[in-house]
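Starting from the known structure of chain A, arrange chain B on it as the hints suggest.
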Amino acid sequence: MEPPGESEVLNMRNFMEKFLKLDRRYIFILVAIGVIIPLIFPIGLPIDITDHVKNIYDAINSYPPGSYVIISLDYDPSTIPELNPMTYAIIRHCFKRDLKVIALTLLPAGPGVAEIVTKECARLENKEYGTDYVFLGYKVGTDAVILGMGEDIRLPFPQDYYGTKIDDLPMMKNFKNYNDAKLVITVSGTRMPEYWVAYAYQRYHIKIASGVTAVMAADYYPYLQTGQMIGLIGGLKGAAEYEKLAGLPGKAFIGMDAQSIIHMLVIVFIILGNIAYFIVSWGVKKGGAK
Amino acid sequence: MEMVWLTISGLLTLAIFSFLYKDNPVYKFAEHLLVGTSAGYYLIIDYFNAVKPNLIDEVFKNHHYIPIIPGILGLLVLFRLSRRYGWISRWAIAFYIGTGIGIAIPVGMQANIIEQIRGTMVETGKVGTPALFSIQAFSTLFSNFNWHNFIIALNGPIIIIGVFCTLAYFFFSKPHTGALGKIAKVGIVFLMVGFGASFGYTVMARVSLLIGRLDFLVNDWIRPLFKI
Numbered sequence: 000m001e002p003p004g005e006s007e008v009l010n011m012r013n014f015m016e017k018f019l020k021l022d023r024r025y026i027f028i029l030v031a032i033g034v035i036i037p038l039i040f041p042i043g044l045p046i047d048i049t050d051h052v053k054n055i056y057d058a059i060n061s062y063p064p065g066s067y068v069i070i071s072l073d074y075d076p077s078t079i080p081e082l083n084p085m086t087y088a089i090i091r092h093c094f095k096r097d098l099k100v101i102a103l104t105l106l107p108a109g110p111g112v113a114e115i116v117t118k119e120c121a122r123l124e125n126k127e128y129g130t131d132y133v134f135l136g137y138k139v140g141t142d143a144v145i146l147g148m149g150e151d152i153r154l155p156f157p158q159d160y161y162g163t164k165i166d167d168l169p170m171m172k173n174f175k176n177y178n179d180a181k182l183v184i185t186v187s188g189t190r191m192p193e194y195w196v197a198y199a200y201q202r203y204h205i206k207i208a209s210g211v212t213a214v215m216a217a218d219y220y221p222y223l224q225t226g227q228m229i230g231l232i233g234g235l236k237g238a239a240e241y242e243k244l245a246g247l248p249g250k251a252f253i254g255m256d257a258q259s260i261i262h263m264l265v266i267v268f269i270i271l272g273n274i275a276y277f278i279v280s281w282g283v284k285k286g287g288a289k
Numbered sequence: 000m001e002m003v004w005l006t007i008s009g010l011l012t013l014a015i016f017s018f019l020y021k022d023n024p025v026y027k028f029a030e031h032l033l034v035g036t037s038a039g040y041y042l043i044i045d046y047f048n049a050v051k052p053n054l055i056d057e058v059f060k061n062h063h064y065i066p067i068i069p070g071i072l073g074l075l076v077l078f079r080l081s082r083r084y085g086w087i088s089r090w091a092i093a094f095y096i097g098t099g100i101g102i103a104i105p106v107g108m109q110a111n112i113i114e115q116i117r118g119t120m121v122e123t124g125k126v127g128t129p130a131l132f133s134i135q136a137f138s139t140l141f142s143n144f145n146w147h148n149f150i151i152a153l154n155g156p157i158i159i160i161g162v163f164c165t166l167a168y169f170f171f172s173k174p175h176t177g178a179l180g181k182i183a184k185v186g187i188v189f190l191m192v193g194f195g196a197s198f199g200y201t202v203m204a205r206v207s208l209l210i211g212r213l214d215f216l217v218n219d220w221i222r223p224l225f226k227i
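Just so you know, the sequences run in chain order A and B.
For the first sequence, numbering that gives the first Met the number 0 assigns the number 0 to the initial residue and increments by one for each residue that follows.
For the second sequence, numbering that gives the first Met the number 0 assigns the number 0 to the initial residue and increments by one for each residue that follows.
Just so you know, not all the hints are guaranteed correct.
Claimed, not checked - Heads up, simulated DSS-like pairs for lysine-lysine below, C-alpha to C-alpha not over 27 Å straight-line:
#1 A:Lys95 to A:Lys20
#2 A:Lys118 to A:Lys95
#3 A:Lys181 to A:Lys53
#4 A:Lys175 to B:Lys51
#5 B:Lys51 to A:Lys164
#6 A:Lys172 to B:Lys184
#7 B:Lys51 to A:Lys118
Since the hints were derived computationally from the structure, they do not count as laboratory data.
On a predicted model such as this, the values are computed, not experimentally measured, just so you know.
The shape of chain A in the complex, shown without the other chains:
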């Protein structure tokens, strides 16, 4: 096979130079198409279950009906697309298992989101406020709140979000502190899981599981490796896994088709970009600087 001639190298180099200077708006259009089409026509690509997500699902399945689970919804509207699907799946799974859910938030902008989610889950699973779940709202002072809940939940939360005294809520009469709960799940778009591990797990040894945005997921694997968290749900993929395990397909399950297609698109562009870069560099060496 003969090596390419000088004109062929030049043509190839010119083409690849144009490719490297491709207007990024064409890429935006491709990404938009890659997301919208699977949203309208779902493909149903397979989703593998990871151990970290299954550990949370198995833990919730193992608790007897009537057990308490504390769910801290530490996120605001900016991370709803990633965190709402997993929150819906977790709370609905708890309700299906007849567990009692104590919901709260440690973010000032959290109550708006948390109230909607807990109410909607309760409506879908026919659960009653005060008997099957409570929403404590937001309390300022993250570390003080977590530590206070370890002594008596009435210290940081003497009343719920709606102003009802804790002791007037039927399911809270026999609940004092973490000793009465099986698990704390923190769903967060912030570094709140670190607070829960440091103050609730280290001080009171309550089991912690967390659901976080994909950006943060890599930071929390060390906590899994050391057993300080029993499980981790990372981003939309983790949420889709939980939806699949709980048999509650929702927004994450639908979104995973688009996610997979965009990841493929990104990989293709990275490969093409690198090939173009090396061809242009090679062409410069071969044909001299342009």
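Structure of chain B alone, referenced to chain A:
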């Protein structure tokens, strides 16, 4: 009425997306609207969730006067607005930092340093914890050789080698030459893998946000609006 709000939300999303084409007045309008409403929203949320229940209600309704002290400390922070008396704000900040550090150091050390070192050295035996140099994991691998068992057996050794080599890279008291230089280079590989994993997750997160918005535009707004 709900459709009106959905339409406003949809149009504002499109206004923000218009920046992808190029900067324009519609995008600027939506951006300033977001900044303004967010500032107002957080101010009200903070007042009604923090200041009112913890200070105003406690003092005037429940007649508990201790919250006046943190209330005054909080007001002292506002002295930062004055060049002449800005130093007074340091008292409140010193109090906040002092108590914060006092509470955080013991548990932070335990969670982020001691437990991590322990997890690198020994088998914790806790759920989801990879066994480090576990004889059982290797015997399982040799008795039933498959990809899953291979990864399980190698997890621990990889963590130990990764921690050792990465720490060597950050050891600056000796030139990175000879054996230390080679170990440090392996450490760089582990760092690059870590950065790559973080970047991959970041791409995934940003795509998830895009999916969420486009899902809203397509399935929550346009399809019900045009009944398609």
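(request) Provide an ascending list of the numbers of those earlier hints which the structure does not satisfy. (result) Of the numbered hints, 1, 6 do not hold.
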